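S.K.: As given, the protein sequences belong to chains A and B, one line each in that order. First residue of the first sequence? That's 1 in the working numbering, and the numbers climb one at a time after it. First residue of the second sequence? That's 1001 in the working numbering, and the numbers climb one at a time after it.
Keep in mind the hints are simulated off the structure, nothing from the lab. None of these values were measured; they are calculated from a predicted model. All residues carry an ideal CB built from backbone N, CA and C; glycine is no exception. There's no promise every hint is true.
[What the hints assert, rightly or not] Covered stretches of chain A (chain B as the covering partner; in silico rule of three or more C-beta atoms under 8 Å from a C-beta of chain B): (1) 213 to 224; (2) 311 to 324.
[To be verified] Chain B is nowhere near these chain A residues, computed Cβ spacing over 12 Å in every case: (3) Asp130; (4) Leu284; (5) Gln370; (6) Glu411.
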Amino acid sequence: MLKQEINELLTQTGPGTPMGDLFRQYWIPALLAEELPENDCPQIRVKLLSERMIAFRDSEGRYGLIDEFCAHRGVSLWFGRNEEGGLRCAYHGWKFDVTGQAIEVPSESENGNFCEHVKLTSYPLVKIGDVLWTHMGDPDKRPPLPEFEFAQVAPEQTYISKRWQECNWLQAFEGGIDSSHVSWLHAGGLKNDPLFKGSKGNEYNLADFKPFFEVAEAEGGLFVGARRNAEADSYYWRITPWVMPSFTMIAPRADHPVHGHWWIPIDDENCWAYSFDYHPTRALTPTEVENMKAGHGVHSENIPGTYRPAANKDNDYLMDRDAQRRGEYFSGIRGIAIQDSSLQESMGPIVNRSKERLVSADAGIIKARQKLRKAALALREEGVVPPGVDPQHHRVRSAAVVLPRDESFIESSRDALTAAPGKPHATV
Amino acid sequence: MTMRPVLLNSCATATTAAEARFRIDVPIEGRAGARVVALDDDAATIVRRLALQEWNGARFFTLVAGTGPGRNGVGDDPDEMPLHRTNGTDTRLADELMGADVAVMLATAGGGAAAAASAIGRACARRGIMTAGLVLGDRHEVGGVVVALRPYAQVLLVTADEQDVHEVLTALRA
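Using the sequences and the accompanying hints, generate a full structural model.
M.R.: Below, the structure is given as structure tokens:
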């Protein structure tokens, strides 16, 4: 249960809101690099944290993320021309560079300084891995660039996709630290999905539907450990790291690539789910990449040319009651990503948390909300830099381990939970 | 044959903000069965403070003073474990677990929590009552307490922030 005013605080991320200010402390994914594939390619509309912008890549390969609307009459620059080092408005020919600076105003004197005084709001756009990252906060307080392992490994070791999720970011993110739903909603996937199946861990998962949970503080957020019975003297632990504000990783299974998510608010009723897979020590196989592109694992099959899943609320997520009856998909929905999004979208655009009935197994969610709220208020009232801004906090991993029953999952897995180049991941 | 949903029954309609207005707005009944037990002296101070606040039926207890593991009445039968209510009156575990649906054990670094946690855990397991452990303190200092609680707490939250106890109980509608 959450009071309505706290629910509003956590779910609203527009300019000037406490949670919006919090998100603006971080480098966050703005686009996939594939969306701006070459110099002078078509610009695209981007909405993040309830701000509408245009992203483009100029003739020199520089990336820009600027106010969508021309400074002159407020028309959308989406109709403009991306050419010769800038984005030219289609209405009267005003031209802007990647920093939002006006560089040509045809109606004004060529020798005048009118341009110098016209600048659109802009944010940096930096390519790291296959992601274009932005920082929408105070440039004077811009942190060092992010160092998440999925974006740091060699290109052949990583794959990332994204999908539009039609609900508030918080209810989507909370699914990422809610390990107890896996044995139910994704039970079919553990048996059938080519990117999940075939691990010893799955046997432990499916043999024990009542996991025990431990939640522990981390410098950048939390570690949530879910333990199930393994052998007579050991537990099987699946450890999920959360780095604030909304990065999570899923514990690996066998030698499959390890996966995770970043949830980024588009506005208060929509978010992007970025879903990645990477292997820390080897290239992804062609079959693995093929399966990811086909929407297996944490990825979705999207409508071609878009990032909207092919199974979406307009077609009832292609509900298959026969498959549900057969137990192939517990909810009748195919694919782990859409199983999650269908249920999270069913909660409504912003779920009313004053009505929910949490149980103690939701301790990770309870603690995460508290950390978000405290960080947002500490930032607002005292200017405290929140956890997860420091790149040191990004160097985490998920882990799946079997430990003697009296061992602490944090202490015993400390090395496994720390990312380092070339180090194998801890998996079962 | 698979039936196609009629429009008003489809997800596209059902998930809109407009439709959210028609969700049944009757408050969900509060939990009446939370039991909160302090496992050591520092935890008892916190529990007494919490008990002064308004809750949704939660009951708060401390262990019997001057008793420790093996000597605190736990014995072989956890049901007989003596407890103090925060108003100073005495009770026993079995009586307090009647009608309970969650038992929250609160411990700090100073606690010798094992015997009491074992008794509460075993008594709750018999009755199918969920158990949760909240351990206050730095993770490096509370390792022993965490090990002691682990077998008996289906959820363990280790935190340095006392406010978390209030947050968890509030979230659980305790």
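S.K.: Could you run down the list of hints and mark each one as holding or not?
M.R.: Status of the hints after comparison with the structure:
Evaluation of the coverage hint for the segment 213 to 224 of chain A: fulfilled, as 5 residues show C-beta separations to chain B shorter than 8 Å, against a requirement of three. For the segment 311 to 324 of chain A, the proposed coverage by chain B is satisfied: 7 residues have a C-beta within less than 8 Å of a C-beta in that chain, meeting the threshold of three. Every C-beta of chain B lies more than 12 Å from that of aspartate 130/A, the closest at about 31 Å, which supports listing it as non-interface. Every beta carbon of chain B lies more than 12 Å from that of leucine 284/A, the smallest distance being close to 33 Å; the non-interface claim holds.
For glutamine 370/A, the condition that its CB be more than 12 Å from all CB atoms of chain B is violated, with the nearest at approximately 5 Å. Chain B draws glutamate 411/A into its interface by the beta-carbon criterion, the shortest separation being 7 Å against a cut-off of 12 Å.
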